[in-house]
Structure formats: C-alpha cells, structure tokens
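Residue strings, one per chain:
Number of protein chains: 2
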Amino acid sequence: MREVAVIGIGLTKFGELWNKSFRQLITEAGSKAILDSGIEGKDIDAMYIGSMSSGRFIGQEHIGALVADASGFSHMHIPATRVEGACASGGLAVRQGYLSIVSGVNDVVVIGGIEKMNDVGGVSATETLATAADQEWEAFFGATFPALYAMIAKRHMHKYKTTKEQLAQVAVKNHANGAKNPNAQYRREIPIEMVLNASPVATPLGLFDCSPVSDGSAAIVMCAADIAKKYKDNPVKIIGSGQGSDTLPLHGRRDICTLDATVHAAKKAYKQANIKPSDVDLAEVHDCFTIAEICAIEDLGFVKKGEGGKAIDRKITTLDGTIPVNTSGGLKSKGHPVGATGVAQVVEIVQQLRGEADRRQVKNAKIGLAHNVGGSGATSVVHIMEAM
Amino acid sequence: MREVAVIGIGLTKFGELWNKSFRQLITEAGSKAILDSGIEGKDIDAMYIGSMSSGRFIGQEHIGALVADASGFSHMHIPATRVEGACASGGLAVRQGYLSIVSGVNDVVVIGGIEKMNDVGGVSATETLATAADQEWEAFFGATFPALYAMIAKRHMHKYKTTKEQLAQVAVKNHANGAKNPNAQYRREIPIEMVLNASPVATPLGLFDCSPVSDGSAAIVMCAADIAKKYKDNPVKIIGSGQGSDTLPLHGRRDICTLDATVHAAKKAYKQANIKPSDVDLAEVHDCFTIAEICAIEDLGFVKKGEGGKAIDRKITTLDGTIPVNTSGGLKSKGHPVGATGVAQVVEIVQQLRGEADRRQVKNAKIGLAHNVGGSGATSVVHIMEAM
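Here the protein sequences line up with chains E and X, keeping their order.
For the first sequence, position 253 (counting from the first letter as 1) is numbered 252 according to numbering that gives the first Met the number 0, and the numbering increases by one without interruption.
For the second sequence, position 277 (counting from the first letter as 1) is numbered 276 according to numbering that gives the first Met the number 0, and the numbering increases by one without interruption.
Some hints could be false.
Computed, partial: chain X to chain E, Cβ under 8 Å [what the hints assert, rightly or not]:
no., residue
1, Met0
2, Ala64
3, Ser99
It should be emphasised that the hints constitute simulated quantities derived from the structure, not laboratory data.
Heads up, the beta-carbon is just placed ideally off N, CA and C, and yes, glycines get one too.
One chain only, chain E, in its complex shape:
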C-alpha cells in the first residue's frame, strides 16, 4: 500500500473570534500549512474540508468549492470536497485525503477543518450541535450533548466507581497544557476547586467539564511518502488510519461507557501500524467532556476498561506521564470548533513528533495518535503517526 506523510501544518488561534469570518479562518490555516510544507499552489491535486454544520451556522453549504476559491485556486479547477461526520468531520477529512493519496490518484492534498460557531446570527450553537445526535430519538426530546455525556458519566461512576474529582482532574490537566499553547482558547491553569464548584450543566458535569463553543480552523498538507522529503526535511508518516461507526443514539449501544466505534477504529489503526497501545508516546483524544477523555484512554487501550479514572489519579496522562494525553490542551482548553478539531489534533501530533511543541514538548516522542469522535460516539476516526 502506498504510504502517506504530513509535510505541512497550520492552525489559527481558537476562541471567540468575533472579528474573523469563516473565509478568513480557513484561508489563514491553509496558507500557514502550505507555507510550512514547501509546496506551491500548482502542486495541489485535491482539497478536503471537514466542517460539521456550516449550513446552519453561517448559511453556507458547498464549502469545498468555497475554500478552493477563497484560497485562490479556482483557476486550477482542483477537486475540492467537504466531508461531514459531526465533530469527527475533521478526522474524516484527513482520512479521505489519506485514502485519495493511497489510491494513487492524488500525490499532494491539502486538508482543512473549520467551524465558525460564534457571531452566526440567530442560531443557537447548542441546538445546531444537537443535529449530531439522533434528531428523532434524542434531540426531539430535548437531549443535548451535555445531557448525553452526563448519562455516560453517571453510568461510568456507578459501574467503575469513577469520581467527580477524577473527572475534574482531566479539566485541570488540560487547562495546564492549554496554558502552554499560544493558540488555545483558554490559557490559564485552573485549580480543582474551581472545576468542582462550577455551575452544573448536566449533573455530574459542571461548566468546566465541558468544552467551549469556538471559532477556528486547522489545515495540513499530505503527500505520498516517497516524495515527502522533496518538500520537507522532517515529514511525519501516517502509519495507521482507522474509522468506525456505531448506533446514532446512545440507547442503542451495547454499553454506553464504551465507544465501540473507537475500539473498532483503533483496532484497525493499530493493526495497520503494527504496534500496541503501549507503543504510543502521546495522544490527542476527543475530550468534548471530561468523561469522554476517560472513556477514550480506555477504548484506545492505554488502560483497561473502567480504570480510566484511576489512571488520572496516577497522573499517567500528564505532560511528563507515561502516556501524555491532550498536550495541546484538548478540546477542553484549546477549544472545539467542531469541524476543525480532528485536523487540529493531527497538527499537534505532528508538532510534537517534529520536536516543535516548545513548553509542552513531550520528550522522545516518536509515535503519536489522534482520536476524533462524532456525536456521542456514532463516528470515530483514529490516526497513528511516526516521524520519518
């Protein structure tokens, strides 16, 4: 199978960016990635864009073509495709770009992820985010995402004795990492008391257990691995790519504490990469809520099912732990512009594997993993990367 490498990365600041439009954000991230990669516009064979709900947020569908056009590539008539899988849209765009290079049809592909969630007119972000859940079985009855993940948290606490303090420690850790990330939405460390005493959103989840509503964009340039060093001295190879699905509503699952879509996607990715979970040096996981990070480190095989809470107590996922998780600050502190997230995770891993992560650099990082989830786990995408 043809191998693929990431040769360029670009990221905007994440946050409430009232003075930046959708078009400004995606072209900023894209330009940075292209400049970083060493390619020229004429080298680009295709573009893939991940965005969850541009139609509802900014009244604009058809954003594959929009992005190619806004980036100044309309005269090249290159294929430009939008991919959507709720909050996993970015990860899915990475995977489609990857597959298109593996196919041999494309050599160089630009992948963007974007969401503009603030300053979007009369639409409530919570209501639009609920379109990632099951409209007929969940959203219609008023279930929003904090409510769905609160149910997962309640069950996890009941079944595995996971505590509110363990959930809170996830937020504390991710804010500590985000404080070291210049692009993060929230750049301050928070004490555990602040998390524990925050306003409840959906019990047991409080305000600081939830990722924010964010604007932002991320982009990467990928190419066939055998031509990567022509453009870039330190490319990062994608050594595993896996994707999985599950029931759209939570009630259909075998076990709501396990995201089988993640288990399935990770299994595929590990097999392709020919590694074990213990070989992974760091991971960006989908912590849309603190409980989601606990489930993720279990489902990805870093710890056994049910032991995620205890693993947080043991601090194995901190920057100097055995498996640092969400060194970027994660969705929780870096921010969660939903369509951008999956691409931004790859940006962080590449930065770490290149040794360019500055104050949040993980020592001797050789293999990194990115894990992006849609909805309450109906879609999951896992990519494993290694420095070349």
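Position chain X relative to chain E; hints supplied.
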C-alpha cells in the same frame, strides 16, 4: 490502478413523498441496491452518503452514521462518511467510494444519495438551496438559483443566438423520457406551448424550465472489478472519474456560459477512460434548468460551445438520437432530490448499460456518462461507465 465496478443499483420513487421520511427513503434505496448486487451485509467495507443540507432540511447532520445505523449495520462498526458538494453531493459520494476501492483499503462499498426537501418544517427550500451559492456575494443580495441560471441563459442567448424555444425543447424531451420512467416525479409528456406559456420564474426561465423540489434516494453497490462477477453476472465498470471546481459565485468566472469545472472533470474522465466524447452512447447530465443541459452537452464535448441550442433542434439528444441525454427524464422530469441526483444518474446509466431500461432503452448502449453539478458550476463530477 485498481479497477472498480458497479454491481447493484437501487432507487426510490422521486417526488413529493409526504408519507416517507429521510430514514425510510435511504434504507429503501440501499436495500434495493444491496439485494440487486448479490452481496450480504457482512461484505460491506464502508458506506458513503451524499446529501446537501440535511442539517437545514431535517435538522440532522451526522448522517453517515445515521444511515449505517438505520440500515442495520451499526453492530459492524463500518466506516460511514457523508460527503457534501451542494447538488453534486451524490456524484462526490460516488467518487469517494470509488477512490476508497482504488486505494485497496475497501473491496465492497455502498454509496447512497438522499434529500428530503418536502415536509421539512419552516425551512424554505429555495433559501436552503441558496446555501449552495455564495452566501456573501450572491445569496445575501437575494440571488436564488433560478436567477443565477437565468443570467447564464440570457448570456447564452445573447452570445450564441440560443432561443427560448430551444430551451423549451429540452423540457419537452426530458418530460417525454420521464413519462417512460416509473420512478419519475412527473410522468407526462408536455407540449412546447405549455413550456413557453408557463409563468415566468426568472426571465427567460419559466416554471417548466426549472427542476422541481423533490424527495428521494438512490444507492449503488461498488466493488473491485476483479471480484465483481463473484456477486453479479452483469457488472458495469467505472472507466473514468473526474472532478473539478470553480469560483463559487458566478461573477468570478472566465465565461458564465462555460462550466470550466465540468470541462476539467470531463477531460480527466475521458483521459482515464481513453475515449473521445463521440464514443459516449448516452449521458445523464445535470439539467437543474433547461439552459444547464445546453451548457452541459457543450462542456462535455458532445457539441461545440455555442451549438447546444442548435443540437436540440437537430434532436441529437432524444432517445433515438446520436447521443441520447437524460433518458431517465433528468432532473427536470425525474425530479431533483439534490443529494440523491448524482447517485441516481449512475443508477440510470447502469440500467441502460445492462439493457434493463425498458421503454426508454437506448439501443446498443455500451458506454455511458454521468455528469453532476454543484451550485452554478463551482463543483462538477463526471463518471464514465462501460458494461463488463
């Protein structure tokens, strides 16, 4: 490069289907395609779904996972991805499924296209369709799709002396074909006077120059060509696939009478198939408006630029002409559930190449082409197929 074949097709009736939901439509089309293909559920490696604006129409994003779930495949955790490119969403889904098989990662893929545009609450279909245009430069100022295509028509009439009668003849032909298609939304022939005297929508386009607002779904099963005959006696090979983009708004184009995205996509597809336009026996083209079919037969190279109107007069595109176009009735008469259209075009071509098109069968059909456009031409996808 690995070759790919279509082994199963499925289509719902198109129309105002007040008694059928999004989920019912997509599972009906998908089940038909799977039954037709000879595969079993366990054979499916991935699903791709084309839909333009499920988020706005039915308040539901994340429909890749929804479709896998509603189809009963959630326990298999197969990758399920939604692809969007406005009215070209279906064609893009076909192309992504195709690329994923070419890559060698997938062997058997199900592709669905779907739109539910009636019975969708307070949303105006015209306003949601306008999200395929440029929100900031077109839709914001009130330009809807009839208006944009009316500008193309005006220019074509001015530059090439194309007449209202020639536009009308496109509608007459497509209604004559649609009358022979049991799944078409409109199943009656119409006289040219009815088209010419219809209420104006956006001059020079009248009501019968416009495709309708429709509900419907289409699905196909594709697999690696070397295993196709294991499942199906008469597979149809995809011998060319091309995709192109252009400026999102009309005003940026080199020439608004030419869809350069189509020219580019067709060039790629013809080159891959190693054929000339004159080798094509029949085509399904994107006639969202009558003028669009005239531009399409020019841009696809069936006639020279500017001679599309005269070609209609010469009746070369009728069922017994030299290059029958839109034997299904086209978007005009079969209906245009936007995300379904690109997949439904492939369904028609496969039916024709198998010799199963009944009263609308084209004699000696060996090579067929499907042409799907997003917006006013910012995205275009072309697939060329041949019986195996």
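Cross-check of the supplied hints:
Of the supplied interface hints, the one on methionine 0(X) holds, with its beta-carbon coming within about 6 Å of a beta-carbon of chain E, less than 8 Å. Among the interface hints, the one on alanine 64(X) holds; its C-beta lies about 4 Å from the nearest C-beta in chain E, closer than the 8 Å criterion. Nearest Cβ of chain E to the Cβ of serine 99(X): about 5 Å, under the 8 Å cut. The hint holds.
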